[in-house]
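Number of protein chains: 2
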Amino acid sequence: MILELADIRIKPGENAAFEKAIAQGVETVIREAKGFEGYKVNRSIESPDRYLLQIFWTTLEDHTVGFRQSEAFGRWRAIVGPFFAGPPHVEHFELVCKSA
Amino acid sequence: MILELADIRIKPGENAAFEKAIAQGVETVIREAKGFEGYKVNRSIESPDRYLLQIFWTTLEDHTVGFRQSEAFGRWRAIVGPFFAGPPHVEHFELVCKSA
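Respectively, the protein sequence lines represent chains A and B. Anchor point for the first sequence: position 24 equals 24 in the numbering used here, and the numbering is continuous, going up by one each time. Anchor point for the second sequence: position 62 equals 62 in the numbering used here, and the numbering is continuous, going up by one each time.
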């Protein structure tokens, strides 16, 4: 399993609307993608305009090829993109270890 | 529950030793701290010297006061600090939503 981490900054003051939009975008668009295994959204305490979107994919290509190159990616960005203060930083991670 | 995210860059080529050290440091030092609820370590695929350490705490103060101001913090840093390429960026997050 692969973790996609999108580090997002939104326009100030739009937290409530963004939080509704990102949940809706994941639940209605990304959830349907092949290899989607789950997600989590966190808001920073020190920087309330910063969000982390974690998406768990079966393989790296399920995200970078399967989802990114599908028409669904455009639908997703139409939902959340208007809130972005700039392009999100996206990086992928492997699990090293975790608590039992 | 609060998420502490430590964004860590290590010196190149020390991945195996660092991964052993960070697991040992969490399991032997941080696990004993009041309010510790779990952890996860991820390694970046695009930037293999970059690691994310996620620690789940009951409250923000369990980390910022209880752990950070205890002698245990020094023991933790003695285990993992030698691998750091620079000071880690540490930020705290609240959960907004996640998959069921």
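Worth flagging that the hints you see were computed from the coordinates, not collected in a lab. Don't take every hint at face value.
If chains are identical, the list can't say which one is meant, so a pair holds when it fits in one copy or spans any two.
To be verified - PhoX-like mimics (lysine-lysine), calculated; alpha carbons at most 25 Å apart, straight line:
# : residue 1 : residue 2
1 : Lys11     : Lys34
2 : Lys40     : Lys98
3 : Lys20     : Lys98
4 : Lys11     : Lys98
5 : Lys11     : Lys40
6 : Lys20     : Lys34
Hints and how they fare:
Taking the shortest alpha-carbon separations for Lys11 and Lys34, neither the intra-copy value of 31 Å nor the inter-copy value of 36 Å comes in at or below 25 Å. Taking the shortest Cα distances, Lys40 and Lys98 sit within 25 Å of each other both inside one copy (17 Å) and across copies (4 Å). For the identical chains of this complex, Lys20 and Lys98 are inter-copy neighbours only, at 12 Å across copies versus 30 Å inside a copy, given an alpha-carbon limit of 25 Å. For the homomeric pair Lys11 and Lys98, the shortest alpha-carbon distance between copies (22 Å) is at most 25 Å, but the shortest distance inside one copy (34 Å) is not.
Taking the closest pair of Cα atoms, Lys11 and Lys40 come within 25 Å of each other only inside a single copy of the chain (20 Å); across copies the shortest separation is 30 Å, beyond that limit. Only within a single protomer do Lys20 and Lys34 lie at most 25 Å apart by alpha-carbon distance; the minimum there is 23 Å, versus 34 Å between protomers.
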